[in-house]
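Participant: These two chains come separately, so use the hints to put the complex back together.
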Amino acid sequence: MDNKIILLVEDNPDDEALTLRALKKNNISNQVIVARDGSEALDYLFGTGQYSGRDANLTPQVVLLDLKLPKVEGLEVLRRMRANESTKLLPVVILTSSNEEQDRINGYDSGANSYVRKPVDFNQFIEAVRQLGLYWLILNEQPPARRS
Amino acid sequence: MFRDYSISKKLTWMNMLVSGAALLLACGAFIAYDVISIRDGMVYNLSMQAQIVGFNSTSALLFNDPHSAENTLSGLKAWPNIVSAGINTLDGRPFATYQRGQSSQAPAMPPILAGQVETYRFNRSEVVLVRRIVFQDKPTGIVYIQSDLEGLKVRVAQYLGVAVAVLATSLLAVLLISPVFRRAIAEPIVHLAWIARIVSRDKDYSVRAKRTGNRDELSVLVDDFNGMLSQIQERDTALQRAHDELEQRVEERTKELATTNKELEAFSYSVSHDLRAPLRSIDGFSQALLEDYSDKLDSAGRDHLERVRRAAQRMSVLIDDMLNLSRVNRSAMRREKLDLSAVAKSIAADLQEAEPGRLVEFVIESDLIAMGDSRLLRAAMENLLRNSWKYTSAHSQARIEFGKSQQNGKHPFFVRDDGAGFDPRYSDRLFGAFQRLHTAAEFPGTGVGLATVQRIIHRHGGEIWAEGAVEKGATFYFTL
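As given, the protein sequences belong to chains A and B, one line each in that order. Going by the working numbering, the first residue of the first sequence is number 1, and it counts up by one from there. Going by the working numbering, the first residue of the second sequence is number 1, and it counts up by one from there.
If you are wondering where the hints come from, they were derived from the structure by calculation, not from laboratory data. Computed from a predicted structure; not experimentally measured. Be aware that one or more of the hints could be misleading.
Claimed, not checked - Once the Cα atoms are required to be at most 16 angstroms apart in a straight line, the calculated EDC-like pairs of lysine to aspartate or glutamate come out as: (1) K25(A) - D292(B); (2) K68(A) - D274(B); (3) K68(A) - D15(A); (4) K24(A) - E291(B); (5) K25(A) - E291(B); (6) K24(A) - D292(B); (7) K262(B) - E100(A).
One chain only, chain B, in its complex shape (with noise of 0.2 angstroms):
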C-alpha cells in the first residue's frame, strides 16, 4: 500500500520515518546510558553506607551488643529509599534489623563469594548489598542494605517523558517543514505526471510541462518530455499533411480516371458504330454486284467479290469483339450468387436450339455456386461453351461437361469437349487477345473470345488454364 503513496505522502513518511528512527536511537542510548549510571551510583551509595554501618557496628557485633547495632541501623531512616538492611552474624544469623515500613523477611540475600568484599544483586522492584564487615581482617559479621528502585524508575519515567515529547516535536516539525522540500522533489514529478495525463487522454500534443529552473535530473526529465512532445506534434503534422496530399492525389486520380474511362467509353462507342457503316456498304454494294451482274463476272471475279464480303462480316464480328473486350474492363462489379449450373444450362439449351440438328450431350453439374458479376460471368460462360459447341462442330457426336474438380488443392469449376482440341506446345498463345490456334477455314473465330474470358476471370481475382491434345478435345479450369 505504501507503494501506491503518492510521491508527497511517501517523502513525508520518509522522513518521519528516518527523523523517528534516529531520535528513538539517541533517546534510547540516553536513557540506557543514564539508567546504568544511576544504577551505579546507587550501588556506589549502598556500599558506602554499608561501609559506614558495618564500621560503626564492629563493636556492638564483637560485643554481641546487638542493640547498639539496631541503632546504627536506624540512622539509615534518613534514605527514604532503603527498605530494610541488617547485620547478621558470621554463620548466617541475624544479629540486627532496620525496616522501613511494614515488617517483611529478609530479602533473598546473595551469596558473597570467597575473595569478595561485597556482593549486589539488583531485582525488579529493588536492589540488595551485601558486604562482609571486616576487623582488623577478620571477618566479623555481614551487613544487607536493600533499596528500592522508586528513583531510577521515577528517573526513567521522566527521560521517557522527555523523549516523546521531543520525538512527537521533531516530528512535528518535519511535517511542517517537509512541503517546502517536497515542493521542490515532488512537485515537478506531480506535475509532469499531470500533463502526461492530459496529453494521453485528450491527445493534444500543445501543452507543455512548466519548467523548474534547476539543473537537477527533474529538469532534464521535464525537457525531454518537452521535447518528446514538440517531436509528436511536428510528427502528427507532417503526417497529417501526407495524408492530405495522399487523398487529394487520389482524387485527383481517381477523377482522371473516371474521365478517361469515359472518354474511352464514348470513343468505342462511336468507333465501333462509325466503323460498322462503311462494312455494311462495303458487304451490301459487294452482294449487289454478285446479283446484278453475275454473268458480267466469271468465277474468279465473283470469288474476289465473296472474299471481300467475308472480309467486311469479320471485321464487323471483330469490332463487337473489341468492344465487349474493352467492356469487360471498364464496367463496375457487381458479386452477388450466381448459380453457375443453371447459367451453363440455359445456354446449352440456346445452342441446341439454334443447332437442333447437332448432337451434342451436355453434362452439367448441378448447383454449382459462385460468387461474382452474373452479366461477365455469364458472358465467360457463354464464351466457353461456345467455343465448346463450335470446335466439337466438326464431330458427329460430342460432348460437353460443365462442372467442379480438385486440383492441387483448389477447387476450380471446368468446361470440358471431346472436340478438336489444340496443341499444348502453343498453349501460352491460347489467351492472348487475337491469337488463334486454328485457322479461320477450320473454325470460324476472332481469337478475342478466351481473352474475354481470361479477363473477367483475372477481374474476379480467379485464375484460368487449359488442358488439351490434338483431337482430344480440350478442358478449360478456372477459380473464382
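Chain A extracted, bound-state conformation (with noise of 0.2 angstroms):
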C-alpha cells in the first residue's frame, strides 16, 4: 500500500493541511503529492514542467481534485486526464465543497467517478476521508496501467 500515490490538487493551504491531518489521522500513510494549481497537477501527471523527467512509474493511485484552482480549473484538468491515454482511467474524486447541481454534472460529464462534498465539521470530513481512503486505496481494483 506504501507505493500507492494519491495526487491531491488543491489551492487552499488550510483545506490542504486538514485533508493531510485527515489522512494521518485515519493512518492513511501513502505518500501524497500535492499540486496547488490546475497546471502543476497536470505537469505532474504528464511529466512535464517542474515535473519532467519524474519516474513513470509514480502514477497515483487517486486524485482527489479540487474545482476552483488558479490557472487551469479543475475541470479542465479532468478533461485533459481523460484524453490523454496514460491517464485515462485514472480514478478521480473530485473533493469541493461546492454542492451545486451543475458543478455535479459537468464532474461527472468530464469523467470523474466520484464526487464528495467537502463538510465543514472536520470529524465529518475525517469520516469521509477514512471511506475514501477504504474504498479507493483498498477495495477499488486498480486499473492497468498503461504505458503511452
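Facilitator: This is the structure we're talking about:
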C-alpha cells in the first residue's frame, strides 16, 4: 500500500493541511503529492514542467481534485486527463465544497469517478476521508497501468 | 319588402306614387264633373224636346188625333240618341209612340209627383224623361222621351283615354327626371353606406367619404362621419404606439430581470462556495487544537474551542439554507401531477432509516394528488416532515400524520405531529426567515425551513398556516 500515491490537487493551504491531517488521523500513510493549481497537476500527471523527468511508474492511485483552481480549472484538468491515454482510466474523486447540481453534472460529464462534498464539520471530514481511503486505496481494483 | 328597396328605388317609387295619386285625383274630379255636366245637358235637351213635342201635340190630344201626334213625335228621328218616345193620355193609355229601330216595350216610367211638371230617371243604359202636357193650365197628357247614353259613354271613354295617357306620360317623365333629384339625395347616402362597409369590412380607417359641397344635413353627416374616422385612426395609432412602447418596456424589464437573476445566481453560488472554505478552516483547526493541545487546555479553553466549532458549523447550515431559500425564488416552476402521499412516504422512510432507534408512527393518507413543481414541493414536504421529526425527538414516542382536511370550504393538506408544538401567541413569527420559537439548545435549526416552505407554497398560489399549543404538537395546513 505504501507505493500507492495520492495526488491531491488543492489550492487552499488550510484545506490542504486539514486533508493531510485527516489522512494521518486515518492512518493512511501513502505518499501524497500536492499540486496547488491546475497546471501543476497537469505537469505532474504528464511529467512536464517542474515534474519533467519523473519516474513514470509513479502514477497516482487516485486523484483528489478540487474544482476551483487557479491557472487551470479543475474540470479542465479532468478533461485533459480523460483525453490522454496514459491518464484516461485514472480514478478521480472530485472533492469540493460546492453542491451545485450543475457542478455535479459537469463533473460526471467530464469523466469523474466520484463526487464528494467537503463538509465543514471536521469530524465528518475525517470520516469522509476514511471512507475514501478505504474505498479507493484498498477496496477498489486499480485499472491496469498503461504505457503511453 | 318596400322597406328593403334601395334609397333610389324608394325615392322613385314615392315620386311616382305621389304624382300618380295626384293625377288620378285630378282626372277623377274632372271626369266626374264632366259626366255630371253632360247629364245635365242631356236632361236639358230632353226637357226642351219634350216641351216642344208636348206643345205641338196639344191639339192632337185635344182633338184626339193620334196620327198627328205620331207625326210630331217622328220628328224626334233627327236625334239619333232618342230610342223611343210617346204620348200618353192622362189616364196612362198610350196615345202615340215613336220607336227608333226595333220595337220594344214602353220604358219603365218614373211617376210624376203632384206639383212637378216633369221628372226623369237615369239607369244603366238610358234616361227617361217624363213631362206633363199642359194646355191653358189644364193637364192634357204626358209625353215621355227615352234616350240612350251612348254619347255619354263615348265621352267618358274618351276622357278616360286621355287621363290614362296623361298618367302614363307623367309617370314616364317622373321616371326620367327623378334621377336628377336622386343624385342629390340618394347618391351621397349610397356613397356613405359604401364607405362604411369598406371601413367595417377591411378595418381600413384611412378612407374618407366624398364631400357633397352642400350645406344640408347629408353633408353634415358626411363631415361628421369623416371626423369619426379620423378620430378612430388617431386612436388606433396612439394605441399601437402605446402597445409597442409597452412591449418594449416589458422586453427591457424581462431582460433586466433575467440579468439580475443570473447575477444573483452567480453571486449566491460564489458567496456560498467562498464562505464555506474559511468555515472549514475554522472548524478544522479548532478541532486540531482540541486534539493536539488538549493537555495544555483547561476545560474553559476546550469549551471555547467547542463553541467556535459549533458556530462554524451552524454558519455552514445557514449558508445552505439561505442558498436554498433564494433558489426557491429563482427557479423555474413546472406544474405537473404529483403524488404527495408517495413523497411523504419516501421522506418518512428516509427519516426512519437515518435514525432507526426512534419510535415514530407515520400515518400517511394515500393517493393525495396535487399539481405543482415536483422538486419544490418535495423540498417543502421534506422541510415539514423533518420539522415534525425534529420537534418530536424529545418524546419517546411520536406520531406524525400527513393528510387532507376540510376547513372553511377549503381543502388543505396538513402535516401534524404530537411533539413540542409552539406557543400560539407567537404564531405570526413562525414563517419569518431566521425567526425561531425555540432555542438552539432545545432544537437545532436556523429558522429558515418554514420560510422556505412558505415561499414554495406562495409560489404555487396557495396558503399556509399553523395551529399548535405548547407540548401538544403542531399542525401545518397548506393549500396549493
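Participant: Confirm or reject each hint.
Facilitator: Structure-based check of each hint:
1. K25(A) - D292(B): 12 angstroms, holds
2. K68(A) - D274(B): Answer holds: K68(A) to D274(B) is near 10 angstroms, not above 16 angstroms.
3. K68(A) - D15(A): The given pair, whose Cα atoms are some 12 angstroms apart, holds under the 16 angstroms limit.
4. K24(A) - E291(B): Holds, at about 13 angstroms.
5. K25(A) - E291(B): Holds - the C-alpha atoms of E291(B) and K25(A) are around 11 angstroms apart, at most 16 angstroms.
6. K24(A) - D292(B): Holds, at roughly 13 angstroms.
7. K262(B) - E100(A): 15 angstroms, holds
Consistency with the previously given hints is maintained throughout, with no hint failing.
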